[in-house]
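**Q** Residue numbers are given in numbering that gives the first Met the number 0: position 212 of the first sequence equals residue 211, and the series is strictly consecutive.
Think of the hints as simulated: they come from the structure by calculation, not from any bench.
Take these hints with a grain of salt, some might be off.
[As the list claims (entries may be wrong)] EDC-like mimics (lysine to aspartate or glutamate), calculated; alpha carbons at most 16 angstroms apart, straight line:
1. Lys-492 <-> Glu-465
2. Lys-178 <-> Asp-134
3. Lys-450 <-> Glu-304
4. Lys-307 <-> Glu-354
5. Lys-232 <-> Glu-181
6. Lys-550 <-> Asp-208
7. Lys-13 <-> Glu-45
8. Lys-218 <-> Glu-359
9. Lys-178 <-> Glu-75
10. Lys-568 <-> Glu-596
11. Lys-69 <-> Asp-133
12. Lys-263 <-> Glu-285
13. Lys-13 <-> Asp-66
14. Lys-69 <-> Asp-137
15. Lys-146 <-> Asp-159
16. Lys-229 <-> Glu-306
17. Lys-138 <-> Glu-75
18. Lys-238 <-> Glu-163
19. Lys-451 <-> Asp-461
20. Lys-126 <-> Asp-506
21. Lys-270 <-> Glu-290
22. Lys-232 <-> Glu-304
23. Lys-154 <-> Glu-318
24. Lys-289 <-> Glu-455
25. Lys-238 <-> Asp-208
26. Lys-143 <-> Asp-159
27. Lys-399 <-> Asp-560
28. Lys-146 <-> Asp-134
29. Lys-178 <-> Asp-208
30. Lys-24 <-> Glu-75
31. Lys-17 <-> Asp-60
32. Lys-229 <-> Glu-304
33. Lys-218 <-> Asp-60
34. Lys-550 <-> Glu-573
35. Lys-550 <-> Asp-572
36. Lys-138 <-> Asp-208
37. Lys-492 <-> Asp-511
38. Lys-154 <-> Glu-45
39. Lys-297 <-> Glu-318
40. Lys-587 <-> Asp-551
These figures come from a predicted structure and were not determined experimentally.
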Amino acid sequence: MSDVKQHKLMSTWKFIDKLGEDYDKAVRFLSTLLSIGVDTETTGSEPITDKVLLISAGNTDTQFVFDVAKLESNLEPLLNVLANPQIIKIVHNAKFDYKFFRRSFGIALEPVFDTMIAEMLLLKGRKLQGFALDDIADKYLGVKMDKDIRKSFLKMVYGDSFTEPQLYYSAMDVAYLHKLREEQMRFIRKHGLEKVSVIEMATIPAIGDMELAGMFIDKVKWLKAEENAKAAKLTAMEKLNEFFSPIYGKDMFGNCNINYNSPKQLLPAIKSVVGKPAEGLSSTAEAALKEIDHPAIKALLAYREKEKRITTYGSAFLEYINPVTGRIHSDFSQLYTDTGRFSSANPNLQNIPREKVYREAFTSGDPDYRLITVDYSGMELRILADLSKEPKWIQVFIDKGDLHAINGSILYGVPIRKPGTNGPTDPGENYHLRQPAKSLNFGIGYGMGPKKLAREANLPFDKARELVSAFWRNFPSIKKFFDAHVAKCMNDKCVRCPYDGRLRWLDGFDLDNPKEQARVRNMCMNFPMQAGNATITKRALTRIREHLMGKDAQIVGTVHDEIIVRTHKDIADEIYKIVVDDMIGAAKEFMFNVPVEVEGKIDTCWSK
DNA sequence: GCTTTTCCCGGC
DNA sequence: AAACGCCGGGAAAAGC
0 MSDVKQHKLM STWKFIDKLG EDYDKAVRFL STLLSIGVDT ETTGSEPITD
50 KVLLISAGNT DTQFVFDVAK LESNLEPLLN VLANPQIIKI VHNAKFDYKF
100 FRRSFGIALE PVFDTMIAEM LLLKGRKLQG FALDDIADKY LGVKMDKDIR
150 KSFLKMVYGD SFTEPQLYYS AMDVAYLHKL REEQMRFIRK HGLEKVSVIE
200 MATIPAIGDM ELAGMFIDKV KWLKAEENAK AAKLTAMEKL NEFFSPIYGK
250 DMFGNCNINY NSPKQLLPAI KSVVGKPAEG LSSTAEAALK EIDHPAIKAL
300 LAYREKEKRI TTYGSAFLEY INPVTGRIHS DFSQLYTDTG RFSSANPNLQ
350 NIPREKVYRE AFTSGDPDYR LITVDYSGME LRILADLSKE PKWIQVFIDK
400 GDLHAINGSI LYGVPIRKPG TNGPTDPGEN YHLRQPAKSL NFGIGYGMGP
450 KKLAREANLP FDKARELVSA FWRNFPSIKK FFDAHVAKCM NDKCVRCPYD
500 GRLRWLDGFD LDNPKEQARV RNMCMNFPMQ AGNATITKRA LTRIREHLMG
550 KDAQIVGTVH DEIIVRTHKD IADEIYKIVV DDMIGAAKEF MFNVPVEVEG
600 KIDTCWSK
């Protein structure tokens with residue numbers, strides 16, 4: 000037993016590498032704790048291929064470091080304690096350890112309190128990095144931790160023996176977790192983040208399971224899409240050459256001397272090819288180019304689309320397939336964004352093209368299995384109706400009406416009806432007015448002004464201005480809600496979602512700058528809808544995971560307001576009902592004024 | 001030569 | 001491109 004003076008605390012730690020009295024005592028001690036600090040040292044960061052070398056567990060006073068290879072088949076007593084749902088596991092970056100415990104030992108490390116997630120929650124809007132354990136140990140406890148030692152494990156293989164410093168620092172990795180949690184909880188309470196904190200912590204195991212499950216991708220279908228994109232790109236390029244080669248010449252391979260991927264080269268080139276209509280062009284972005292009606296521009300936009308398909312969604316994407324599972328395991332971050340939405344990376348599964356061929360390439364991977372895709376319909380607008388209690392909107396949702404058409408008829412003062420509503424010969428009425436109303440409904444929630452609406456809906460500026468003012472006039476509850484909400488945000492220097500208190504700090508903005516002030520105002524208006532939707536989806540994921548336990552079904556993906564579950568075909572109907580009920584149930588935890596609806600499908604592939 | 005930033009575009 | 005919110009990624013350009 001090594002005694003170490005640590006910041007006025009007497010802390011003892013012990014290395015356990017064999018069966019016997021010490022091991023028994025350690026397990027017995029841990030089993031008496033209400034919360035256990037837990038950490039693992041692993042051979043790398045991949046839970047599917049890397050191995051756990053050490054498990055550290057303990058509290059402020061006492062820590063144990065278990066040698067996994069030495070204990071091997073005798074880990075069960077320890078794992079039983081760690082899997083005990085009555086004991087909270089305090090972990091820094093718990094998703095990482097959760098996945099290793101799940102994959103290597105078959106246990107679910109839950110419930111967890113994650114000191115990294117807690118810190119991110121507290122600092123949303125203030126910073127995006129600096130959440131490592133040594134950062135916060137220094138910040139809250141003034142403890143300097145030596146993190147270089149962690150790298151030394153990466154060179155190791157399973158079964159190697161450890162140095163004294165390696166073991167000591169592994170023990171220290173769990174010694175501060177209880178104190179950190181206490182300190183963070185003081186601030187969580189101070190800022191009213193108790194509720195959202197519980198939601199975030201409970202979501203962690205669901206995300207861990209989801210990442211481990213992964214998504215199967217049909218390589219043949221995917222590559223077929225790439226081949227088509229390559230052919231279309233060539234066609235677009237030939238068309239581009241017709242316009243640009245006469246001016247810029249060709250290289251020895253017959254390609255134009257212009258790099259069509261280079262905005263810097265393109266901007267002046269477009270001006271000389273297109274002439275007058277492109278005179279004031281200041282960017283080659285799609286939004287700017289769309290204003291110009293010219294065959295060269297059409298060819299360029301087609302080229303760009305195909306280039307994107309090939310570079311981002313082409314064969315390189317398949318390199319993410321894990322050789323062991325044959326599936327793609329994206330990294331989902333539940334708290335990187337300022338609004339609480341998930342981000343997804345390596346690869347990003349949240350921006351796969353909507354085009355059918357791309358979604359259809361994601362399959363269940365087995366003829367006996369299905370993918371269930373369910374999404375909330377019109378969720379952000381429902382949240383706005385719920386929060387503002389706007390009676391006209393609420394009535395539309397209760398009646399299952401068409402919000403865009405009905406709002407359109409209110410704003411324009413004329414009826415709007417879809418052709419064919421009253422029988423096959425019904426020509427409809429003013430149906431073209433639905434689109435601008437839809438743009439306005441969506442845009443208003445993040446501060447769209449008349450200028451943008453005019454562009455978006457192809458309206459004269461005066462008409463757009465009229466529409467915007469008609470919106471505020473006709474839906475006064477929404478105006479009242481936003482006005483009060485924005486005023487409070489500006490006063491508090493933070494924005495919150497009323498559902499769970501989720502917070503985004505707004506300090507650090509120059510509010511004397513009108514542009515920046517407008518941006519902050521828009522962020523305030525948009526936040527409750529985005530954050531509310533994110534929270535509801537997280538609750539849905541947590542509920543679904545619980546109800547799928549022990550069944551042949553797993554969550555495999557989520558895209559903001561959408562959840563994808565893989566399951567055996569024989570129980571697909573049953574699982575579908577669980578997913579739908581949990582999604583609606585999750586929304587009902589927060590929304591009391593507006594009914595919620597979901598749309599879903601059971602298919603062999605990811606579908607919309 | 002390597003890394004960071006900018007521009008652009010895919011999603012909700 | 002923007003007086004429209006939130007992301008991640010690829011290629012080019014810029015910076016070191």
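**Q** Has the given pair, Lys-178 with Asp-208, been kept, meaning a C-alpha gap of at most 16 angstroms?
**A** 28 angstroms, violated
**Q** Has the given pair, Lys-154 with Glu-318, been kept, meaning a C-alpha gap of at most 16 angstroms?
**A** Given that 16 angstroms is the threshold and the Cα spacing comes to 24 angstroms, the pair is violated.
**Q** Are Lys-13 and Glu-45 close enough, with their CA atoms no more than 16 angstroms apart?
**A** The hint is violated at about 28 angstroms.
**Q** Next pair to validate is Lys-17 with Asp-60; report whether the Cα-Cα distance is within 16 angstroms.
**A** 22 angstroms, violated
**Q** Lys-399 and Asp-560: Cα distance at most 16 angstroms?
**A** 19 angstroms, violated
**Q** Please work out if Lys-238 and Asp-208 have their alpha carbons no farther apart than 16 angstroms.
**A** 48 angstroms, violated
**Q** Given the hint that Lys-146 pairs with Asp-159, does the C-alpha gap stay at or below 16 angstroms?
**A** Given pair Lys-146, Asp-159 is violated - Cα atoms ~20 angstroms apart, limit 16 angstroms.
**Q** Taking 16 angstroms as the top limit, are the C-alpha atoms of Lys-69 and Asp-133 close enough?
**A** Distance of about 29 angstroms is beyond 16 angstroms: violated.
**Q** For the pair supplied as a hint, Lys-178 and Glu-75, confirm whether the alpha-carbon distance does not exceed 16 angstroms.
**A** 28 angstroms, violated
**Q** Verify the proposed pairing of Lys-229 with Glu-304, using a straight-line Cα cut of 16 angstroms.
**A** Distance of about 11 angstroms is within 16 angstroms: holds.
**Q** Does the alpha-carbon distance linking Lys-154 and Glu-45 stay inside the 16 angstroms limit?
**A** Judged against 16 angstroms, a Cα distance of about 14 angstroms means the pair holds.
**Q** Within a Cα-Cα threshold of 16 angstroms, do Lys-138 and Glu-75 meet the stated pairing?
**A** Distance ~36 angstroms between Lys-138 and Glu-75 Cα, so the pair is violated.
When each numbered hint is compared with the structure, violations occur for hints 1, 3, 5, 7, 9, 10, 11, 14, 15, 17, 18, 23, 25, 26, 27, 29, 31, 33, 36, 39, 40.
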